[in-house]
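Residue numbers (our numbering), protein chains in the order written: chain A, 1 to 383; chain B, 384 to 885.
Mixed in with the good hints there might be a few duds.
Calculated cross-link-like contacts (lysine-lysine; reagent style DSSO-like; alpha-carbon spacing at most 30 Å) [to be verified]:
hint : chain 1 : residue 1 : chain 2 : residue 2
1    : B       : K631      : B       : K879
2    : A       : K154      : B       : K631
3    : B       : K490      : A       : K156
4    : B       : K490      : B       : K461
5    : B       : K465      : A       : K154
Hints were generated in silico from the structure; no laboratory data involved.
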Amino acid sequence: MAKLTLTERTPAHLAYRLVGWGLAAAALLYLPWFAHTPARIDQYSQVVAYAVAILALNLVIGYSGQISLGHSAFVGIGAYTTVILVADHHWSYFATLPVSFALAFVVGVVVGLPALRIRGLYLAVVTLAVATAFPTLVLKFDSLTNGANGKQAKEKLVPPSWTPFDAHSRFGPVAYRYFVILAIAVVVFVLVRNLLRSRVGRALIASRDNQTSAAVAGVNLPVYRVLVFGMSAAFAGVAGSLLMIYNPQATDGKFGIELAIFLVVALVIGGVATLSGAVPGALAYVFIPYYATQWTDNFGFLKGRPGAASISGVVYGVLLLGFVFLLPGGVIDGLRRLRARIVRVVPNPSWLPTGRAPAPRPDAEDLDPTFPQLTTTNRGNNP
Amino acid sequence: MRATRWSKPAAFVMAVGLVAAACGSSSKGSSSTTAGATTTAGATTTAGATTTVASGGQVGDVIPKATNQPYGQDATTKTLYKGAGGFQIDTTKCPSDWNPTQGITDKQIDLFISLPKAGPLAGFGLIADGAQSYFNYVNSKGGIGGRNIVLTSKDDGYKPDVTKTNIDEALQAKKYANTLTVLGTPNNLAVWDELNTECMPQLLNGTGAAQWGDVENHPWTTGMQLDYFTEAKLWATWLKGKYPNGAKVAAIVYNNDFGKSYEAGFKSAIKGTNLTLVSEQFHDATTPNLDNQYTTVAATNADVLLLSTTGSFCTQGMAAVEKGSWHPTVIMSGTCGSLAQFFGPLLKQGLTGKGTNIIQTFVDVNDPANANLPIVQAYSSWLPKDSPALDPTKTTYFTGWIFAWYMTEILQQANSYAGGLNRANIMIAARSIDQTSPMLIKGLQSKMNGLKDAYLTEGGQMVTYQVADPAQLGKFVPAGDLLNLEGQLGTYAAVKKALAGS
Chain A
1 MAKLTLTERT
11 PAHLAYRLVG
21 WGLAAAALLY
31 LPWFAHTPAR
41 IDQYSQVVAY
51 AVAILALNLV
61 IGYSGQISLG
71 HSAFVGIGAY
81 TTVILVADHH
91 WSYFATLPVS
101 FALAFVVGVV
111 VGLPALRIRG
121 LYLAVVTLAV
131 ATAFPTLVLK
141 FDSLTNGANG
151 KQAKEKLVPP
161 SWTPFDAHSR
171 FGPVAYRYFV
181 ILAIAVVVFV
191 LVRNLLRSRV
201 GRALIASRDN
211 QTSAAVAGVN
221 LPVYRVLVFG
231 MSAAFAGVAG
241 SLLMIYNPQA
251 TDGKFGIELA
261 IFLVVALVIG
271 GVATLSGAVP
281 GALAYVFIPY
291 YATQWTDNFG
301 FLKGRPGAAS
311 ISGVVYGVLL
321 LGFVFLLPGG
331 VIDGLRRLRA
341 RIVRVVPNPS
351 WLPTGRAPAP
361 RPDAEDLDPT
371 FPQLTTTNRG
381 NNP
Chain B
384 MRATRWSKPA
394 AFVMAVGLVA
404 AACGSSSKGS
414 SSTTAGATTT
424 AGATTTAGAT
434 TTVASGGQVG
444 DVIPKATNQP
454 YGQDATTKTL
464 YKGAGGFQID
474 TTKCPSDWNP
484 TQGITDKQID
494 LFISLPKAGP
504 LAGFGLIADG
514 AQSYFNYVNS
524 KGGIGGRNIV
534 LTSKDDGYKP
544 DVTKTNIDEA
554 LQAKKYANTL
564 TVLGTPNNLA
574 VWDELNTECM
584 PQLLNGTGAA
594 QWGDVENHPW
604 TTGMQLDYFT
614 EAKLWATWLK
624 GKYPNGAKVA
634 AIVYNNDFGK
644 SYEAGFKSAI
654 KGTNLTLVSE
664 QFHDATTPNL
674 DNQYTTVAAT
684 NADVLLLSTT
694 GSFCTQGMAA
704 VEKGSWHPTV
714 IMSGTCGSLA
724 QFFGPLLKQG
734 LTGKGTNIIQ
744 TFVDVNDPAN
754 ANLPIVQAYS
764 SWLPKDSPAL
774 DPTKTTYFTG
784 WIFAWYMTEI
794 LQQANSYAGG
804 LNRANIMIAA
814 RSIDQTSPML
824 IKGLQSKMNG
834 LKDAYLTEGG
844 QMVTYQVADP
854 AQLGKFVPAG
864 DLLNLEGQLG
874 TYAAVKKALA
884 GS
């Protein structure tokens with residue numbers, strides 16, 4: 001039973017939300033000081049960039065109910081766009097972002113066209129083909145992409161003199177890049193949030209939950225389906241550009257099928273159809289393999305045994321199974337359930353014509369927690 | 384209700400059990416792949432691609448000794464270090480907090496390696512175990528002037544981003560003197576600018592790419608293996624001897640940097656000779672088989688077929704030739720030298736791959752003919768003594784010994800230089816290696832000469848695969864004279880010129 005009951009749109013509820021957001025913002029801003037080494041800050045930058053990619057994937061999978069296993073290609077398009085423009089044409093990193101966005105959008109729309117005709121597993125297979133084809137295309141056009149050795153840009157993003165970051169220290173440029181990536185990511189998150197709360201977002205969710213009724217209600221299904229694929233691809237492209245700001249090196253292997261699968265995995269870990277789920281998903285993607293390797297290095301009984309480090313893959317697999325079975329809604333869902341034991345938010349009764357509050361849902365903030373294709377439980381009805 | 388409450392955790396436990404079971408069998412599977420782990424489809428990686436069966440090795444010191452090279456710190460300008468071939472290091476160009484003795488104390492030398500220990504290329508991880516075992520051997524005999532060599536290894540799964548994280552952490556830990564044998568071409572490219580800016584020696588890279596000879600722009604980076612460009616020049620040299628009246632050559636080439644290095648090296652070597660390249664067929668990493676390429680090159684009826692490719696494509700190429708009616712002299716990339724890995728699969732098809740020629744540089748520990756070499760004896764007796772889990776018949780451990788031998792040679796020389804053992808002298812020593820490794824095939828040298836010669840090994844022995852019993856794996860026997868182009872390639876600038884021209 002919740003210890004604290006808050007009514008929506010009361011000063012107490014407002015204060016509660018402000019404190020929550022304030023803490024989150026403070027934590028993100030404080031992170032570089034929390035890190036002891038620049039390498040750790042770089043890892044946070046990676047987390048932020050991958051969070052954007054997962055968010056983009058969530059638009060397609062979580063909010064429009066289509067499956068895409070091809071998002072690694074869109075991330076790769078963004079990454080190669082940035083690194084080629086910076087390395088060969090001496091663009092600034094910031095100027096490449098709109099190009100990545102536009103290019104990935106166009107490719108996303110083209111890939112999204114089959115989504116008009118096919119759904120579910122068939123669409124998954126089509127997008128899987130995109131993910132498989134991308135590394136091959138990179139090798140094919142090696143005059144542009146530098147083939148298997150990867151494309152790198154020599155000029156990294158360095159803090160301009162007016163910023164408080166010291167370009168010649170070891171922490172300065174790394175922290176600056178983190179904040180740049182963070183700022184762009186925040187913009188993307190706000191854009192996506194607004195998109196989902198607008199007419200477009202409601203139309204998307206309506207078409208996900210029930211195509212027929214959405215169509216009857218006047219939602220133009222083909223347009224929305226293609227559009228969401230394009231938007232999602234565009235944001236994934238931005239994520240690719242962000243990865244290049246952190247480390248301007250693109251290789252074919254980096255944007256292959258493994259990334260495509262792990263984006264979906266990270267999405268499930270974080271929570272399908274939740275905006276904030278992208279963050280724990282990205283944390284898991286970056287840090288679980290990293291720490292799993294470190295732990296396994298310290299297992300005495302494995303020490304000196306050939307191939308012992310392969311156990312990190314097993315640890316990752318076990319964790320993943322744990323999530324699927326024990327926390328099917330993802331980390332965010334788990335946190336919300338935990339929070340529901342302490343704080344309960346109920347709708348303000350004064351909004352209702354009867355003036356009487358309905359029975360509170362366990363989760364009042366969710367846009368729609370149910371997603372029959374991917375989650376095994378329907379939390380709305382679960383006892 | 385109770386039943387459903389427990390069903391999920393129970394299902395989870397069962398699933399974990401399944402994973403554990405899968406893990407058990409996969410570890411068996413991986414050990415069989417690591418057995419012959421000399422190369423994989425990663426193409427441009429190919430670190431352990433250096434094993435040999437050819438004629439006996441040569442007498443060299445199992446532990447290299449300093450040879451009184453007249454290099455090191457300048458007597459007047461203390462920040463200037465001088466080495467062979469006009470190579471110099473000016474430490475004032477290093478970061479202001481650069482510490483010449485970082486990672487070096489009176490007791491210990493700390494080195495760092497990043498390579499795949501997990502994932503598809505995990506077999507290469509054994510190089511680190513092998514290298515540490517050799518360093519333990521050196522330590523047991525007194526180390527480097529009383530200092531123990533300690534190697535810290537980290538897994539990067541062959542992912543350049545992870546390599547970068549590992550190297551960044553190693554740099555920031557400020558406790559390593561240098562890195563060695565970071566594996567994979569993209570992985571080394573991901574960190575070489577940074578390591579050069581930081582004046583961190585990036586030594587003996589575990590890849591045969593020609594870039595590691597870029598002494599002008601990347602003075603702090605060196606390679607070790609025979610590079611693919613030179614390997615193809617050795618092919619041409621050998622063919623000139625075999626076909627004095629000229630020959631037509633066809634090639635199947637991996638369509639990437641790796642394959643194109645072979646192409647450029649071969650083309651530059653046949654200029655002005657009576658060898659002609661009549662057909663080149665490129666294939667991609669994802670091509671299911673080489674049937675199309677084979678059909679096209681077979682139609683030329685050339686005298687020679689070059690398989691400038693790696694991984695399973697080597698096996699496919701050999702199979703196509705053996706099944707067909709065209710019988711060219713086949714020369715194959717040295718990255719496919721592992722019998723178990725590349726020739727073994729042919730046995731199941733009733734084929735052998737006999738007659739295939741490849742270049743080898745280092746001796747094979749598993750060849751009985753080499754059993755009496757001091758280095759092989761030291762290896763076979765020390766490895767299981769040092770760590771019972773290490774199996775000496777896995778040649779990748781010996782590859783680790785090869786890299787570690789050169790690292791020890793560098794440290795021994797640097798220790799004897801003016802100014803003593805420090806990181807600038809380590810870099811000078813790495814560019815001044817002039818000592819023959821006991822692992823090399825007899826007659827070959829390994830030499831670096833500063834700005835004049837930035838490649839360590841530039842020679843090899845052509846060997847032909849011979850089969851006595853078609854149901855068993857055969858062995859390599861030397862064919863023709865030793866091929867040695869030591870000191871002829873120069874630096875990466877020469878390779879760049881040839882690549883631009885081809």
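Do the hints match the structure? See the list:
A threshold of 30 Å between alpha carbons decides the hint, and for K631 (chain B) with K879 (chain B) the separation of about 26 Å falls inside it, so the pair holds. Our distance criterion of 30 Å between C-alpha atoms is broken by K154 (chain A) and K631 (chain B), whose separation comes to about 42 Å. At roughly 39 Å between alpha-carbon atoms, K490 (chain B) and K156 (chain A) are farther apart than 30 Å, so this suggested pair is violated. Distance hint between K490 (chain B) and K461 (chain B) is fulfilled; the C-alpha atoms sit about 25 Å from each other, no more than 30 Å.
For the proposed pair K465 (chain B) and K154 (chain A), the alpha carbon gap of about 28 Å is at most 30 Å, so the pair holds.
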